[in-house]
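S.K.: So the chains spell out like this:
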Amino acid sequence: MPTTAPTGPAPGLAAYADVTTSDATLRRFLHGLPGVDQVGAEARAAALGTRSIKTTAKAWALDLAIRMVDLTTLEGQDTPGKVRALASKALRPDPADPSCPSVAAVCVYGDLVGDVKAIVGDAVNVAAVATAFPSGRASMEVKLADTRDAVANGADEIDMVIDRGAFLAGRYLQVFDEIVATREACARADGSHAHLKVIFETGELQTYDNVRRASWLAMLAGADFIKTSTGKVQPAATLPVTLVMLEAVRDFREATGVQIGVKPAGGIRTTKDAIKYLVMVNEIAGDDWLDPDWFRFGASTLLNDLLMQRTKMTTGRYSGPDYFTLD
Amino acid sequence: MARIDVRKTYKLYIGGAFPRSESGHSYEVTDSKGKFVANAALASRKDVRDAVVAARKAAAGWAGRTAYNRGQILYRIAEVMEDRRPQFEEAVRQSEGVTAAVARGQVDAAVDRLVWYAGWADKLAQVIGNANPVAGPFFNHTAPEPTGVVGVLAPQESSLLGLVSVVAPVVVTGNVAVVVSSYERPLPAVTFSEVLATSDVPGGVVNILTGDAATLGPWLAAHMDVNAIDLGGVAGDTELATSLEVAAADNLKRVRRAPAAEPDWAAEPDLSAMTAFVEAKTVWHPIGI
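Note that the protein sequences, when read in sequence, are chains A and B.
Take 4 as the starting number for the first sequence in our numbering and just add one per residue.
Take -8 as the starting number for the second sequence in our numbering and just add one per residue.
Every clue listed holds true.
Pulled a few chain A residues facing chain B out of the computed Cβ check, cut under 7 Å: (1) Arg320; (2) Tyr321; (3) Ser322; (4) Gly323.
For the record, the hints were derived by calculation from the structure and aren't laboratory data.
Glycine is no exception: its CB is placed at the ideal position from the N, C-alpha and C atoms.
Sequences and hints are given; from them, build the entire structure.
M.R.: Next comes the structure, spelled out in structure tokens:
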């Protein structure tokens, strides 16, 4: 396994150019990926979850996990005031402790990007969900307009959903083209582009084989990040699903030299869970991914639990939810 | 052939379930003559943490019940205890080294104590609440409200009557409790937790940890999500009691201080055990609207 992040253009990606020329070649490639051993993946994920992380390692993991949080609110009742409060929290999660790091990003609906941006500036990224989140059921024009709108509002990252209907029906090239088109819609006037995260909604993909196929499909189409779930469907992120995706990004970098990030989202509520994920990242993908640029947690309640644990580590006494904001 | 003893290892009572200690530790419980009786779980600081989380989760629901309903549930605990008299008598006799007759008296008194407190559930507000005369056109009422999560270090000597006498007044007013039982005499508390589990008490309202008050007390006293603490279990140990009071001051916990020696639990109780863990809420309401 390569241990350094690649630089420059991707030499290996060209080898896969013929894979994406037609629906048939793409299907042949995706179905030719080795199958996932379901029992093995679940056992491996469960075994890695038993690791005990204590004292200084735990303190390090807590700060890393806080820096990896995409603080998320995706509700119909979101108001500008509420997201501004959340943005302030993202900047300084624990106002009582200046040594507490900021989170990675704030994740909101596209129309609220400006409200977040006004608070966080460039200190914290702003991620917007787009492409008819969470169902992905809209025409391509609408999805692309949704994306362009969020980018124009100043979003640094775009979280798109794939069309699960098309994916499950086997129309892989359609999904591929949608990701490519959305990526183009992420381009800004100055030539840079917003980071694209592709949400699979693994709870709807049924099998780990499909998760592996979706991962490769999205990576070939130019995703910067692959993300498990919208948080609107149960089950959301699970350890085995994330394990399969981590294997995919590891294999992809081996094959092409391109490193892709992973973001489990939804259902990660406790520090214990978060640390299990970090252990898995280190063991499956490698420590190159132990960085907010390459691994994120999509979460809202997780942050308060991380802060409570952090306070326990620094003060030596248990803290309580009364001392942190409700959001 | 003689029947082989069933050697028991009891567990903790947290959130309505019976988990083992997170530490995996247990300790031997002996009777008053030093003979092995059973193993009890040795609670660790993480069990305290889990119990406080469970209690906090149950707090709003318990406080939101009508006082009448809380009284009924306390009365129900007394009923179920009454059904398990022989087990309690045996546990008290073994733990405290008293005669069967004395043990029976202790169980009687414990059941009666529960019934006594059950009756107070919907009467305390009449006695310590008030309609205050004020200099304006307002109705002005003061009523007691539960404090929240209360840590209880239960008495070390009186393993059943003492336990009931400190737990019942805490929960009857709508608080939830994290109880650390007597270290050397935990078995009546274990049986009491089995009674709680089968008598309509919502999970998490009473959590019982068997273990050492001197070890667990500091974690409970310093815990920022505990609102009050009863230090009765460290009676006589002035130094420890003082250090727990200092730790409790960090988040302004209400403290029921440790007495110099364990009181006579058979004596008729007063209201102080209940009033120690209530807050006075005063409401101003305009007259004529």
